[in-house]
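Could you slot chain G onto chain P? The hints should help.
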Amino acid sequence: MAAVDPFDSALDLLRRLNPKHTSEHLNALIALAPDLTEDLLSSVDQPLAVRRCRQSGRDYLLCDYNRDGDSYRSPWSNEFDPPLQDTPASAGEEQSNAAGLPSEKVRRMEIRANEAFDLYRELYYEGGVSSVYFWNLDDGFAGVVLLKKVATPGTSSEGTWDSIHVFEAIDRARFTQEHDETDRDRAAAESDEQQIANIGKLVEDMELKMRNLLQEVYFGKAKDVVGDLRSVGSLSESARDREAQRDIIGSMKR
Amino acid sequence: MASSLATIESFVEGAPPGERHRADTDRPLRNLTDIKTLTVHEPSLVSELGPAFEKYNEEQLATVKLPGSSQQVVISSHNSLGDGRYFDVESSSSFAFDHATQSASDVQSYVLDGAQADLVKSTLKNLSTYVQEHYPNASYGVCPTENDTKVAIIIVANKYSPNNYWNGRWRSLYIFDPSSGSLEGSIKVDVHYYEDGNVRLLTNKPIASSVSSDTGAGICKEIATGEKKYQEELNRGFTSLSEGAFKSLRRQLPVTRQKIEWDRVASYRVGQDIGGGSSRR
Numbered sequence: 001m002a003a004v005d006p007f008d009s010a011l012d013l014l015r016r017l018n019p020k021h022t023s024e025h026l027n028a029l030i031a032l033a034p035d036l037t038e039d040l041l042s043s044v045d046q047p048l049a050v051r052r053c054r055q056s057g058r059d060y061l062l063c064d065y066n067r068d069g070d071s072y073r074s075p076w077s078n079e080f081d082p083p084l085q086d087t088p089a090s091a092g093e094e095q096s097n098a099a100g101l102p103s104e105k106v107r108r109m110e111i112r113a114n115e116a117f118d119l120y121r122e123l124y125y126e127g128g129v130s131s132v133y134f135w136n137l138d139d140g141f142a143g144v145v146l147l148k149k150v151a152t153p154g155t156s157s158e159g160t161w162d163s164i165h166v167f168e169a170i171d172r173a174r175f176t177q178e179h180d181e182t183d184r185d186r187a188a189a190e191s192d193e194q195q196i197a198n199i200g201k202l203v204e205d206m207e208l209k210m211r212n213l214l215q216e217v218y219f220g221k222a223k224d225v226v227g228d229l230r231s232v233g234s235l236s237e238s239a240r241d242r243e244a245q246r247d248i249i250g251s252m253k254r
Numbered sequence: 001m002a003s004s005l006a007t008i009e010s011f012v013e014g015a016p017p018g019e020r021h022r023a024d025t026d027r028p029l030r031n032l033t034d035i036k037t038l039t040v041h042e043p044s045l046v047s048e049l050g051p052a053f054e055k056y057n058e059e060q061l062a063t064v065k066l067p068g069s070s071q072q073v074v075i076s077s078h079n080s081l082g083d084g085r086y087f088d089v090e091s092s093s094s095f096a097f098d099h100a101t102q103s104a105s106d107v108q109s110y111v112l113d114g115a116q117a118d119l120v121k122s123t124l125k126n127l128s129t130y131v132q133e134h135y136p137n138a139s140y141g142v143c144p145t146e147n148d149t150k151v152a153i154i155i156v157a158n159k160y161s162p163n164n165y166w167n168g169r170w171r172s173l174y175i176f177d178p179s180s181g182s183l184e185g186s187i188k189v190d191v192h193y194y195e196d197g198n199v200r201l202l203t204n205k206p207i208a209s210s211v212s213s214d215t216g217a218g219i220c221k222e223i224a225t226g227e228k229k230y231q232e233e234l235n236r237g238f239t240s241l242s243e244g245a246f247k248s249l250r251r252q253l254p255v256t257r258q259k260i261e262w263d264r265v266a267s268y269r270v271g272q273d274i275g276g277g278s279s280r281r
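As they're listed, the protein sequences go chains P and G.
At position 132 of the first sequence (counting the first as 1) the number is 132 in my numbering, and the numbers step up by one without a gap.
At position 61 of the second sequence (counting the first as 1) the number is 61 in my numbering, and the numbers step up by one without a gap.
By construction, these hints were calculated from the structure, which means they are not laboratory data.
Some hints here could point you the wrong way.
Unchecked claim - Only part of the chain P face toward chain G is listed, based on derived beta-carbon distances under 8 Å: (1) Asn18; (2) Ile30; (3) Ala31; (4) Lys201.
Unchecked claim - Per the computed footprint, the stretches of chain G lying under chain P, defined by three or more beta-carbons under 8 Å from a beta-carbon of chain P, are: (5) 98-108; (6) 141-148.
Yeah, the Cβ is synthetic: ideal placement off N, Cα and C, and Gly gets one too.
Extracted from the complex, chain P is given alone in its bound form (with noise of 0.2 Å):
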C-alpha cells in the first residue's frame, strides 16, 4: 500500500467532523501529530479572533497577517499589541520593514480600505467587525479582508459569519505614472481609490456568491436530504397519484 500522506488525512477528517467543533478537532490533531503543526495552521481556517484597539478603542480581527510573534497590529492605529520588543525603525516608502508593517503608500492604502469595509460592513452585516490588512509585495501589495458578525446572544438564534478574502495586486501602472510630482501624486491616489474599489466589487461579488451557495444549495439541500429519508406525506397516497398522473398522460398520447 502506497504511504498516505498524514497531513492530507489531517485535511480528509477535518472536512468530515463536525464544522461547529473545527477549532478543537485542530487542537486535537496538531496534539496527535505535533510534526503537522504549522502545516495544518497554515491551512485551516479557523473563527476569527476579535481585539480591542487600546489606542481607538475599536474591535480588531486576528490573523496570521496582522501577526508578529505573540503581537497583533490594529488597523485602526497602525500599533502592534502588545507592541514590539524592537520598536520598528520607519517604513520605507516602497518595502515593509521587518516587522511587518506595510510601507507609508501602502499603509494609506490600507487605511482608506479599512474606511471603504467599515462602511461595507455596516451595510451588509448591520454590526459585527472588519478589519483590512496589506502588507508589500516585489511588485505591488497583497491584502485580506476580514469580516466577522456573531448573532446576538441571548435571542432565539445563535451562529457566527466569518469571511476571509486574500488577494494580491500587481503593480502593471508603474511606468505610466513618471510625471512630475504634482501629476504623480495624483496619478497615485486616482489609482488607489480605484484599487479599493476593484478589491471592494471582488469581497461583494464573491460574498454574494457564497452566501447564496448557503442559502440555495446547502441550506436547500439539506431540506431535500430531510424530505429523501421521511416523507411528510404517504408514501402510498404519492404512489398512486404518480400512477394516476402517468395514465392521465398515457390516455392524452392515445
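Showing chain G alone in chain P's frame:
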C-alpha cells in the same frame, strides 16, 4: 490534555453518516483510515478502538444484513445480548456482530418470550406499516428493554449519495413504559453535505408524550403524530433560517437593495483619520 486514544475515539464518534455506503464490503470507517495514517508511530492505539466502535454502532443505530437475509436489522444497546451478540425480534434470530467491520455472523434462532413479548410483537407489526408509509428506505426494530419492563422502538433511515457529496441519517428512538403509558425518546437528523466544503445539519429533538391505549397501534399512532409534527417544524426551520437567523448575520443586499457604489465609497471620507488614533506618526 486529552490522551491520544481519547482523541482518536472522538474521531470515530464524530464520523458523519455514509462512511460505509457499501454495507456488503468490509471496508472500515473512512475516519479509521485517516486515524491509522496519523498514528503510524503508535499502531497499537488503533487496536484499542473496540469500545469506540461499539459505542458508535449502537448510538448511530448501525444496520446489518444477516447472512442469507435481505432485510437490514438494527444494532442498539437495547437489543444487545452482551459479548458482541444482538437479537432481532422480527426475524427471530440472534447473531454475532463485528463492530469494526460492521458484519454479522453465527445466526441462531432466538425466540422472544417474557412480559412484553406480546406488546413488542404488536408494536412491530404496526411500526412496519407506518415505516413503509413514510420512509422510502428505513430499518426498524422493537424489543423489550430495562429487564423486560419497557419497550424500545427504533427507526433508522439512511440515504447516501457520495457521488453527489451528501449523506443523510434519520434516527428515532423511543422507550415506552407500559406501567405509566409514557413514550419518551428523541429524533435525530444528521445531514452531511460536503461539495467544496463541510456543511452539517445535526438536530436532536427530545420527545415526551403519553399513549392512552396500551397497544402497538396506540404507540405507533403517537409516534406518527410526533414525527410528522417534528418534520414540519424542521421544514419551517429551514425557511426561518434563511429569512431570519441567516439574514441577521449578513444581508443579501443592503437596505437600499442595491450593491455598493464602490467608486464613491473609495473616495468617501478620504483624508480623514479613521478610529480615534492618528494614522500618521
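These are the hints, each one checked on the structure:
1. Asn18: Nearest chain G Cβ about 6 Å off; hint holds.
2. Ile30: Check failed: Cβ of Ile30/P comes no nearer than 10 Å to chain G, outside 8 Å.
3. Ala31: 7 Å, holds
4. Lys201: Holds, about 5 Å.
5. 98-108: violated (count 0)
6. 141-148: violated (count 0)
In this structure, the earlier hints numbered 2, 5 and 6 are contradicted, and the remaining ones agree with it.
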